[in-house]
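**Q** Respectively, the protein sequence lines represent chains A and B. My numbering puts the first sequence at residues 1 to 424. My numbering puts the second sequence at residues 1 to 328.
In case anyone wonders, no lab produced these hints; they're calculated from the structure. Warning: the hint list may mix true and false statements.
[Said to hold, decoys possible] Not the full set, but computed from the structure, chain B residues with beta-carbon under 7 Å of chain A:
| # | residue |
| --- | --- |
| 1 | I5 |
| 2 | Y36 |
| 3 | N256 |
| 4 | D285 |
Note that this is a predicted model, so its numbers are computed, not measured. Just so it is clear, CB atoms sit at the ideal spot from N, CA and C, and this is done for glycine as well.
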Amino acid sequence: MPIEITMPRLSDTMEEGTLLHWYKKVGDVISSGDVLADIETDKATMELQSFDDGIFSKIIVQEGEKVEIGKVIALITEEDESPAQEVSETEPVQEVSETEPAPTKQDYEQGMTISPIARRLADEYKIDVHNIQGSGPSGRIIKRDILQVVDTTKETSSAAATTKPEEIIQPLVSEPEVVATSHSIVSIAPWRENRSEPLSNMRQIIAKKLVESKQTIPHYQVTMSFDMDPLLEIRATLNKQLVSSGVKLSVNDFLVRCCALAMAEHPAFNASFGGDCIYYHGPVNVGVAIAIPEERGGGLVVGTIRDADQKSLRAISQESARLSNKAKEKGLSMEEMSDSTFTISNLGMFGVEHFTAIINPPNSAILAVGAAVEKPVVRSGELVVGHELSATLSLDHRVIDGAMAARYLKTLKDLIENPASLLV
Amino acid sequence: MSERIIEFREALCEAMSEEMRTDQKVFLLGEEVAQYNGAYKISKGMLDEFGPRRVIDTPISESGFSGMAIGAAMRGLRPIVEFMSWSFSLVAADPILNNAAKMLYMSGGQFGCPIVFRGNDGAGGQLGSTHSWCIESLYANVPGLKMAIPYDAYDAKGLLKTAIRDDNPVFFLESERLLSITGHVPEEDYTVPFGQALIRRQGADCTIISFGRPLYFCQEAAIELAKEGIDCEIIDGRTIRPLDIETMVTSVKKTNACVVVDQSWSFASIGSEVASQIHRYCFDDLDNFVHRVHSDDVPTPYASNLEQAYLPNTRKICEAVRGATYNT
Numbered sequence: 001m002p003i004e005i006t007m008p009r010l011s012d013t014m015e016e017g018t019l020l021h022w023y024k025k026v027g028d029v030i031s032s033g034d035v036l037a038d039i040e041t042d043k044a045t046m047e048l049q050s051f052d053d054g055i056f057s058k059i060i061v062q063e064g065e066k067v068e069i070g071k072v073i074a075l076i077t078e079e080d081e082s083p084a085q086e087v088s089e090t091e092p093v094q095e096v097s098e099t100e101p102a103p104t105k106q107d108y109e110q111g112m113t114i115s116p117i118a119r120r121l122a123d124e125y126k127i128d129v130h131n132i133q134g135s136g137p138s139g140r141i142i143k144r145d146i147l148q149v150v151d152t153t154k155e156t157s158s159a160a161a162t163t164k165p166e167e168i169i170q171p172l173v174s175e176p177e178v179v180a181t182s183h184s185i186v187s188i189a190p191w192r193e194n195r196s197e198p199l200s201n202m203r204q205i206i207a208k209k210l211v212e213s214k215q216t217i218p219h220y221q222v223t224m225s226f227d228m229d230p231l232l233e234i235r236a237t238l239n240k241q242l243v244s245s246g247v248k249l250s251v252n253d254f255l256v257r258c259c260a261l262a263m264a265e266h267p268a269f270n271a272s273f274g275g276d277c278i279y280y281h282g283p284v285n286v287g288v289a290i291a292i293p294e295e296r297g298g299g300l301v302v303g304t305i306r307d308a309d310q311k312s313l314r315a316i317s318q319e320s321a322r323l324s325n326k327a328k329e330k331g332l333s334m335e336e337m338s339d340s341t342f343t344i345s346n347l348g349m350f351g352v353e354h355f356t357a358i359i360n361p362p363n364s365a366i367l368a369v370g371a372a373v374e375k376p377v378v379r380s381g382e383l384v385v386g387h388e389l390s391a392t393l394s395l396d397h398r399v400i401d402g403a404m405a406a407r408y409l410k411t412l413k414d415l416i417e418n419p420a421s422l423l424v
Numbered sequence: 001m002s003e004r005i006i007e008f009r010e011a012l013c014e015a016m017s018e019e020m021r022t023d024q025k026v027f028l029l030g031e032e033v034a035q036y037n038g039a040y041k042i043s044k045g046m047l048d049e050f051g052p053r054r055v056i057d058t059p060i061s062e063s064g065f066s067g068m069a070i071g072a073a074m075r076g077l078r079p080i081v082e083f084m085s086w087s088f089s090l091v092a093a094d095p096i097l098n099n100a101a102k103m104l105y106m107s108g109g110q111f112g113c114p115i116v117f118r119g120n121d122g123a124g125g126q127l128g129s130t131h132s133w134c135i136e137s138l139y140a141n142v143p144g145l146k147m148a149i150p151y152d153a154y155d156a157k158g159l160l161k162t163a164i165r166d167d168n169p170v171f172f173l174e175s176e177r178l179l180s181i182t183g184h185v186p187e188e189d190y191t192v193p194f195g196q197a198l199i200r201r202q203g204a205d206c207t208i209i210s211f212g213r214p215l216y217f218c219q220e221a222a223i224e225l226a227k228e229g230i231d232c233e234i235i236d237g238r239t240i241r242p243l244d245i246e247t248m249v250t251s252v253k254k255t256n257a258c259v260v261v262d263q264s265w266s267f268a269s270i271g272s273e274v275a276s277q278i279h280r281y282c283f284d285d286l287d288n289f290v291h292r293v294h295s296d297d298v299p300t301p302y303a304s305n306l307e308q309a310y311l312p313n314t315r316k317i318c319e320a321v322r323g324a325t326y327n328t
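Bound conformation, chain B alone:
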């Protein structure tokens, strides 16, 4: 086994390139993905390797190129659509939600839509409220799509390969704040299956469930709380649809306390859905109601200090865990 360390963005690039080498139907399109090597340099070198027919620069028209890609997917190709930011996908809501997610059902099984939509999701870079969307709660509400949120370079590559091979539309949510982090990624082919959560830290007192970037806040909180004698177990859900509730339930049955950390807003969110399911399946095992940590219920602030305070940060997670475990 190799101990190769690469960046999160390189892992994404490897996943796309490897799949494009093995499957001629796979291609990438999006704004600046080709000649500029990607707005965030994720598709670096791909134009050179695969040429302009398979790595396609598009006009600034998310609705147009998403719809075009969906048409291609319906006819048997396997497009990867890069949104520079998921915030920009809002103008393509009709094709991605109304066409991609529903196509298999509405065509009575005649047309599938094997497509990956991927891009940056979430706040944290002083991009202002309109460019700081966490779309997971908004989009995960729609049946027919899958949604994955990688935590590190290893999962970024493994989950993206699974996404490209999946016959359903997959919404793949990366974080701009994580693209430069490095991690161990094997050189040999591997995938990370959907619907299998991972315990990132073992603990006895409280289960913390999260996805993607907030997991880093959870790790910091767990270190802080360990000093107070509170032993946290951290679960990385990895995919929101499908949701691996079994792993979460098993953990909560052990700890009897649960905190869900979700970077979207609290109302009708991933956090509220997970909490609801935990309440259902762990009712007799809970010592307290499931506590939730979200971004504050306001548009994302631009000011750096306000933005950090707004996020589901370490301080908020510590408070929630203390509350859930009666250690206030």
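This is chain A alone, in the form it adopts within the complex:
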């Protein structure tokens, strides 16, 4: 008996998962503990490990497909079994060549709805359902739609009585192309059409969490500007020295450390509103917002740099770079996204000078960081050219009052403008 690999429940709220990537191909030898696939849950991308030994014998759910938990996604045969029951061991080549030329079942796109009898009739009459606009609710393809195509086909066939049955279907398949050609001017700009796309898991979570945050947390903002020249200078020096070790400190790495040290000094910034109490966290975990590239589906995640107040600049930088790369390439695990107590969102790299952010619950503050901009500044009573960075705190007024925010920013300013202290 083959062992069935099912879609696992990888988080409490998970109901279905998307198979992002198979690491194994049919025929691979599997040992217990091997990573079989990446699964995207409603919250994160997680690895699916094998609990069994054997031979990877069949992929049932393809990459990109979303299925409910518990559904069989692949099969593993034990090593002493014949690898796959449907392929004969003696003449595997012949088996394949027999089944391939005349496929009776067709692939149905995800999200396409078609009634069972319509599906069966489409298979029987070999009708390509992708070209049919369903007349049922929400475009469901129903029996009537298939029978209409069959009727049209019959008319075509009686008009050309000598046409072979296989060829009868041809005009139907190519019909949309003909239409497309005659309307080619319109089709030059297909992006002008209204369209809707279903929400990805991530976008659903963003929509839900941020509405909740903005509606339940009394937000307010406090902005402060920072003289960045000393920090930029020390950064340039350090980066020159660190070239050989492959570490490149970003402005954001400095800010993570500054915020963490300031949080340690101001516990309200390392706290959560608990309804009837304020919950002060022990560890200082700074979350960093990471944008996911458009080609990976877009959206953003918050990676957590744990115990950021205890970590050196170099450790912060390495952790931050690792999280960012992993988030963009294959997604972060639940653990890598959990437990932040404060979040930094930095749009400085895009040239943004100032913006405000929405608090990432259960944090009670988020820092929206702009670019270090070269501009005329007054230093010691003189107008000079310097670098200034503007950062805006969004705060939960249930936990942090305005004066507390101002004091936190003052600490932050002292740290940023006297960066030598960050090195110790």
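Following the hints, position chain B against chain A.
**A** Chain B in isolation, oriented as in the chain A frame:
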């Protein structure tokens, strides 16, 4: 063959009387069945023919006389218990469900319970919610019993004779609204077997499955829908236990659409059971999910207009068939 036309209630009386003539073990008991000739005149003349030992008036105590009859059945007699209304059987739920239905099983096959419980079931006569029960969904849930619902005079007689001859407890559900309808009933002996549904109307577009009185609403709906070009096939299930799912499945495989009409409430009902089985056996033949028509999910209203609106009426059936066939 005779073309004799008699009333539904006369057909019931004939079935009981004929079986009592041929089998001395059969007897009738219930409230007003003897001297008053039955609350609905179903047992008219039976006291005169069979005497007070076999046609027995009981006190108003359903629990008592049901239990007594079950004891008689266990000892080899074949009682027919008339409930003036199945609504009143609720106070006898313990003997009829807990004793009659389970007796063969719980006694390890030592005691059977060849008994018929019969009476009026269903609303439609402004009797108020407590006297308008459709007990089929409630009772059909219990294993060990059989349940029959006659549609016309012919089936009333044929099914009741089968019920009396059956060695198991049979719940026989009549409708007060149908007692006066007339139909062709042959004079010669015949029975209608359990578990054989009947196609009451042939059609190509949608299968309507029902039992008992709502079948008349189905017939009206089919006439209405035919004007719209929707050709309905109507199946009379005749017995709920056993259920002739084969006939229903064969029809749905032909029409690819199905509506179940059940006069009980929708939750956990005959309708939901039939729909579930159709979904199972006809999954690849369905063009739409099985649509269901039930009484509304409220206690039966007393007001005549509300009561008619509450029933699984013609309007609701038409809407369901249009929905199931995508003709909305």
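**Q** State the violated hints by number, sorted upward, taking the hints as numbered earlier in the document.
**A** Result: hints 1, 2 break, sorted rising.
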